[in-house]
Amino acid sequence: MKHFTKGLIPSLALSLALAVPAMAQDTKVIGVSIPAATHGWAGGMNYFAKTTVERLEEAYPQLDFVLATASDPAKQVSDIEDMVATRNIDALVVLPFESEPLTGPVQNVKASGAWITVVDRGLAVDGIQDLYVAGDNPGFGRVAGEYVAGALPEGGKIVVLRGIPTTIDNERVEGFQAAIDGKNIEIIGMEHGDWNRDKAFTVMQDFLSKHPQIDAVWASDDDMAVGVLAAIEAANRQDIKFVPGGAGMKEMVKRTMDGDAMIPANVTYPPAMIATAIEITAVGMVSSAPVAGDFIIGSTLVTPENAEGYYFPDSPF
Amino acid sequence: MSDIAKPTARLQMSVIGPVLALIVLIVAGALMNPNFLAWDNITNVLARSAFIGIIAVGMTFVITAGGLDLSVGSMAAFIAGLMILVMNSALPVMGVGVPIILLGMAVALAAGLVAGFLNGILITRLGIEAFIVTLGSMGIYRSLVTWLADGGTLSLDFSLRSFYQPVYYGGIFGISWPIIVFAVVVVIGEILMRSTAFGRHCAAIGSNDQVAKYSSVRVARVRLATYVMLGLLVGVATIMYVPRLGSASASTGVLWELEAIAAVIIGGTALKGGFGRVWGTVIGVLILVLIGNILNLTDFVSPYLNGAIQGAIIILAVVLQREAKSGT
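Sequences listed follow chains A and B, in order.
Numbering-wise, this note's numbering puts 435 at position 263 of the first sequence, and it's gapless, one number per residue.
Numbering-wise, this note's numbering puts 13 at position 12 of the second sequence, and it's gapless, one number per residue.
Isolated chain B, as found in the complex (with noise of 0.2 Å):
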């Protein structure tokens, strides 16, 4: 137990899990179908990797600083819903063009805002569960944007969603500002957590928050800062996620913050936290959203049963990288 050799190696077990995971995906993804790899199949898949993993992002800091958030997929409805309005309502005077397109853009950036910074208020002021907090929250934004929509999907009016829809299928060379967007979020996250105070306080209080209070970092200002960035990333990912259909209803997002945690945490990030991976929640929706391309690609299993393979997988990659932490 205490010769030195030990915890490198486990540590280099515990990172080869998901890599492992995601390297047999492929393969096995480029043996059943010649398209898998083909150019299109893989910006397809990176691009609709981009809001589960920008969003994914911020949840590895919450999540490493001890915290969870539940509403980010009703969050990021609502928040499509509420562009999509005021876009709309503001076209009569402002006229296509670049300029209401940053609104709506803003309008995003500060409803992520503030509705990350409610929910870590109540969270770190009030002193209420996170789990509650957000549950409570995830209910009400999902039915803010029902009652929007009056029930129906909103959409962005036909000439607004046309000069948008760039922003989701156009890019430079060759790649699309999703994949840009997610690339930058993630590099900018990977130093966050390495690097700087920021990242060592989130995964202090994660570990310990007496200890990391004792040891003078603010915990409440830091836990309140993971929400707030997490609403804001939330936001980004609402601004690529806009011009993809041009429409949000009900069933926009649903599920996407269990995607996010899973992501997280096949990720190799702590579920009880104080060790956090940004660069392995990359993995993680990368697995998540390689499984479902490789059903669809392929004829092997019925349909039906797309929900156990993924679910399957997703144990699987957990255990793979838990049985390498605790074999050796």
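Excised from the complex, chain A in its bound form (with noise of 0.2 Å):
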């Protein structure tokens, strides 16, 4: 049905165009959900999310948005399936809480002839997604890596706080590793701080209390990071020469900014990825410019000399 419909639609609207302009704007509706506001960085990624929903709902008189946050992967399921039910959606937009439950939903969506956006977390089965938008963890750990082995020349003992046991945090400590690789760099602590300040804190103060000698700390997030320097500072250790953050807080990103020794750099994971894969979608309903594939957001380095440029005061991460 669905299909049918769906070829029928453009050469019906082309008539129609030529005909009575005016009936040409079909309003389209795109669904967009995304996880609740949990943490730091969703709670950035929720924020861009509904900045850019209100400025395409401006551009876009014909474009009509659903936004739904979700706080578990049930929920979630149940947005995506009133979304269908009740606005019938014409594209959806989902970053999903986790990868398996949410498959066969959004392959549903698909079936029903929506065009599907999968933006960070990759569905179970492949082919699904028109579009997929992601940030880059391997390379977000690689960047890490590199910075730290170029800062440290002579080579040195390093700790590493991981975040949740994840395929992201596997892929980013992969990609870390690899990178420190013959460069006389040596881990001498890893543990999970799972992304949480208090947990850091704790992890960090450990650490300090097994090595007497540590080079620099890997705290791979920002929310991390906070933890991981209260601990170095609590316990007064000046043989700590740095601590890259990650993710691009602002705070953190500001510290880089005015020239902080202990944060000389960040490394982007740009919760705003939801932004991108917004206007991508919007711009493959209003125009008939391809954008089915993969966009892959890259992580960069931010240092004082260029921190301006991802310093977002607004935004709450």
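In case anyone wonders, no lab produced these hints; they're calculated from the structure.
Small disclaimer: the values here were computed from a predicted structure and weren't measured.
Misleading hints may appear alongside valid ones.
As the list claims (entries may be wrong) - To spell it out: a stretch of chain B is covered by chain A in this simulated footprint if at least three of its residues, at any positions, have a beta carbon under 8 Å from a beta carbon of chain A; those stretches are: (1) 153-161; (2) 247-261.
What the hints assert, rightly or not - Chain B residues, not near chain A, derived (Cβ > 12 Å throughout): (3) Leu26; (4) Val46; (5) Gly98; (6) Ile102; (7) Phe118; (8) Gln166; (9) Ile176; (10) Ile180; (11) Ala198; (12) Phe199; (13) Val218.
C-beta: ideal position from N, C-alpha, C; glycine also.
Reconstruct the complex from the two isolated chains, following the hints.
Shown next as structure tokens:
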């Protein structure tokens, strides 16, 4: 049924456009389904999703948006089902809470004929999405690793705080390890800080008790960097030269911008990637520009020189 | 069964269980890493225990009186967020100084009191299950802090944080304030539980609230008091927590309620109520915190398995205690 109408609409629209130009402005609905703002990065992502939807609704009167935030995968599945049932969406932009549980429901949306844009976390089955927008996790680790290796030319001992055990975290750490391979840098400790300030604080305190000499800490995330820095400050240890941040939290980017020696660099993993995904999907809906494919947003190194371009004071992250 | 020696022997065995587990952990830690018994590590561990510990003392009374409170972790996060917001907005008027810190502390204590009172009133006056009421308020406070922070993180103004920091990091005679406050709370809690009518009433209500009622114990009032006291202690814990990192977010205090409950049970308080032991709760908290500390200080176990080790030791500590109870 839907395939039939899909094929029919362009030709119909074309003939209508020739006959009655005003009628050609057929309203299309784009559904956006994202996880709720439960931590800093997700908070930033929610902020960018909201501002982008507001901007696009203004810019394209022929587009309607439905934005839903979910606090768990089950809620996200219901959100998506509701969007199809009640709003008859023409496109879905989804940042899956978890890959496995969302794969089936998104596949159903696809079968209804809608355009699918998947953001950040891929689905468990290939070929469902028309557009894939994601950050570069191996690159995130690699850029950080290259920075640490470059900043410690004599080599040195470092400790690493990892995130919540996930594919994302594994890819980042593998990228990091590959980048420092053969550079005489030894990882003397690696523990999960779960992307959480308090957990990172305790883990770092214990690292400081365990190791009398640490040259640098890869906190792999700015929330964890906050905890790490507080632990170092409290222990009054002078041996740690720097703690490169990650993900580009505004407070941390500000410190890099101001030339703080402890946070000399940051590696981006922009929550604004949701904005990229919504914008490109909207372009695909309103124009004939081809937008299918993969769009990987590179992880770039933020240094005091370029930090200004990555500082968004209005974002919550 | 009827001879007199057995009850005392039983009691002693159930007392020994958690203490034994704690001693084993300390010896194991000392053998695995020489830094374990270093002064810095000891103060780190004790200061870290303070948040959960202060809350767990309050939880001991709630559980002894046959109640439960699942909302304390979210409540702590919400109070921390509220405290930061109030202090930040009062900063232009009051400036950095002792008054603004006192204002923040007053806000935390008042918010804790009110939150505990609300839980207590719903449970005692409307007669709703404690599990349901506090499960509900757990969700409410967690959402409220996320909303207050707009999904991000609430951070205390930098100048304020520097001024307030000594409350966590400073202290007297090398003992930091959280440890001192924790100790004071424990001593008061122990006295309340053992030697006051309030403590005895809690135990009486927990073992049989009908009998307690006919023995002219004001059941609803005592129960309400346990929740109010717990709320107040959550406020106290938050006062110690905020200066540490100077921030609050949706991920603050996650699972604190379960850690506090686990500590209470490991310490020998009965989950169904009727019997409580404040000093046992302290042992429980120390066991929980030490496991994490030892796992961080050694490389024996894959960090993926930290949770499994923690779970196994918690169960073991309780089994040790129960077996000792029924064994003799």
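Going down the list of hints, with the structure as the test:
no.	hint	in the structure
1	153-161	holds (count 3)
2	247-261	holds (count 6)
3	Leu26	15 Å, holds
4	Val46	9 Å, violated
5	Gly98	22 Å, holds
6	Ile102	18 Å, holds
7	Phe118	27 Å, holds
8	Gln166	9 Å, violated
9	Ile176	15 Å, holds
10	Ile180	14 Å, holds
11	Ala198	38 Å, holds
12	Phe199	33 Å, holds
13	Val218	40 Å, holds
When held up to the earlier numbered hints, the structure conflicts with 4 and 8 and fits the remainder.
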